[in-house]
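Student: Following the hints, put chain L in place on chain X, whose structure we already have.
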Amino acid sequence: MSRAQDKVGTWIGWAFFADLANGLALTFGYMFSKPVTMQYPDKEKWLPYSRYRGHHFLKRDEEGEIKCVACELCARICPCDCIEVVPYEDEKGNRHPAKFEIDTARCLFCGLCEDACPADAIALGQQYEFSSFSSADLVIGRDDLLAKPGKAATGGGVVAARLNTEQGVLVKSSEQQGYNWWRNIRRT
Amino acid sequence: MELIVALGLIVFKVAFLIAILLLLPLPLTWLERKIAGHIQQRMGPMRVGWHGLLQPMADGIKLLTKEDHIPAEADRFLFKLAPILALAPPFVVFVAIPFGESVSVLGHEITLYVSNMNVALLFVFAVIGIEVYGVIFGGWAANSKYAVLGSLRTCAQMISYEIPMGFAVIGVVMLAQSMSLLDIVRAQADVWNIVYQPVGFFVFFVAGLAEAQRIPFDLSEAEGDLGAGFHTEYSGIRFAFFMVSEYAIVLLVSVLVVILFFGGWNGVLIPLPPLLWFVLKVAFFVYVFIWFRFTFPRYRYDQLMAIGWKVLLPLSMANIIITGVLLGAVGAP
Chain X
1 MSRAQDKVGT WIGWAFFADL ANGLALTFGY MFSKPVTMQY PDKEKWLPYS
51 RYRGHHFLKR DEEGEIKCVA CELCARICPC DCIEVVPYED EKGNRHPAKF
101 EIDTARCLFC GLCEDACPAD AIALGQQYEF SSFSSADLVI GRDDLLAKPG
151 KAATGGGVVA ARLNTEQGVL VKSSEQQGYN WWRNIRRT
Chain L
189 MELIVALGLI VFKVAFLIAI LLLLPLPLTW LERKIAGHIQ QRMGPMRVGW
239 HGLLQPMADG IKLLTKEDHI PAEADRFLFK LAPILALAPP FVVFVAIPFG
289 ESVSVLGHEI TLYVSNMNVA LLFVFAVIGI EVYGVIFGGW AANSKYAVLG
339 SLRTCAQMIS YEIPMGFAVI GVVMLAQSMS LLDIVRAQAD VWNIVYQPVG
389 FFVFFVAGLA EAQRIPFDLS EAEGDLGAGF HTEYSGIRFA FFMVSEYAIV
439 LLVSVLVVIL FFGGWNGVLI PLPPLLWFVL KVAFFVYVFI WFRFTFPRYR
489 YDQLMAIGWK VLLPLSMANI IITGVLLGAV GAP
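Protein sequences, first through last, are from chains X and L. Counting in our numbering, the first sequence tops out at residue 188, every number present. Counting in our numbering, the second sequence tops out at residue 521, every number present.
Keep in mind the hints are simulated off the structure, nothing from the lab. Keep in mind that a hint or two might mislead.
List of simulated lysine-lysine pairs, DSS-like, C-alpha gap at most 30 Å [to be verified]:
id, chain 1, residue 1, chain 2, residue 2
1, L, K498, X, K7
2, X, K151, X, K59
3, X, K92, X, K148
4, X, K43, L, K250
5, X, K99, X, K151
6, L, K250, L, K333
Isolated chain X (complex conformation) (with noise of 0.2 Å):
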């Protein structure tokens, strides 16, 4: 009986266009419904989270000394040979790096330098606007290495923020953390 009446049921419902209209209701709905999109270099800008493997710093120790003892291990292990060091010994008989040149254009940002080294001295943090028109510009050396910013103390969300080609990215948020960016997405 209710089988015959479910049968009933459908065939006005087809009569009547019930799926048609359940789909205009549903993108009726969506169209009132919060958009993903991360407006980037316009108004957002995505922090990402401290794990993230962003453009390579140099470390200094507590006094102001780089960290690194140019052992050349991240060289070494290096998969795509892009890092370059050439070592000196300072008056003290310290050893360091006169040249260290890691060419991010063919880095595939791994992070296996970050593990070789015994020093601590490499890291991978969390800048990854660092574009260029021309690839020479992508050598980066020892000095702009130690003024790169380190790992991100917290991450993943989305702050305010304004991409300006002269000023690069002004961030201008007081929550650190950012909004969920992934809590707009509509499950259903």
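Tutor: Chain L alone, transformed into the frame defined by chain X:
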């Protein structure tokens, strides 16, 4: 003197109509992209102007400055003629369309229509039929397989959907006892035709979707299998002509649905100016067109033909017979 004033008024109205029809695609493209974006949880154009409001201008400048390319093997005369043939009929049709009774400006009564033809409905369908020539010339002249296949499909589609479309309005004509669009609207002052002619409305609206080449019936420009259909080879401003014509037809079908089935400028419940009522109703149907486009998938070609000949045609014929029998038995409502 009076003749000159009357002529001047007609020229002014026609110029005004043409200006509106040429400018309306700008906000309509913006609206379409915005609605598409939000339905798909995107934002649509955001970067040119406030919320991308100037995006259509940027598109227009882009289309104007692009190379006007004509394929080497094309029939140059027909290739140049086709966009104009596609653009002109939707514009011409609006001559017969009333937008309201009249408004008084500086003590003069100015009617809101260019002409009140007594065969306006016939004129509308006759002129829309000419649009097929733009499509078939465009597809043929480009000398491209995509374009020819697209134009063949489009012609078959437009011709087969024109028949149920024409039959669907006969019920309306029987109720109003007139083919003048003005009289049809006046006859709906109390009860709109949608109450008496739901089947007629359904057939007309579906056939109108097909006539306007919109999803789910946009077989002519099925991107997946035909490139862009009959206007595959067009670029620059000639392509813009086809786009303007498409939007003009969307507008035209919305206007016809409102005039024939939804009481034209007659309002219900809320007393608004008649012209505003008319514009609101038309805007609603334009929205429905866009809404459909981003909801439904495209029909297959044989399904399209089956819907036209096996569903809409019998439905519209039955509608005529039942309307006639009821009119004869019960009398005019």
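Student: None of the hints should be skipped; say for each whether it holds.
Tutor: Quick rundown of the hints versus the structure:
1. L:K498 with X:K7: 24 Å, holds
2. X:K151 with X:K59: Holds, at roughly 11 Å.
3. X:K92 with X:K148: Given pair X:K92, X:K148 holds - Cα atoms ~27 Å apart, limit 30 Å.
4. X:K43 with L:K250: 26 Å, holds
5. X:K99 with X:K151: 23 Å, holds
6. L:K250 with L:K333: 27 Å, holds
Violated hints are absent here; each numbered hint is respected by the structure.
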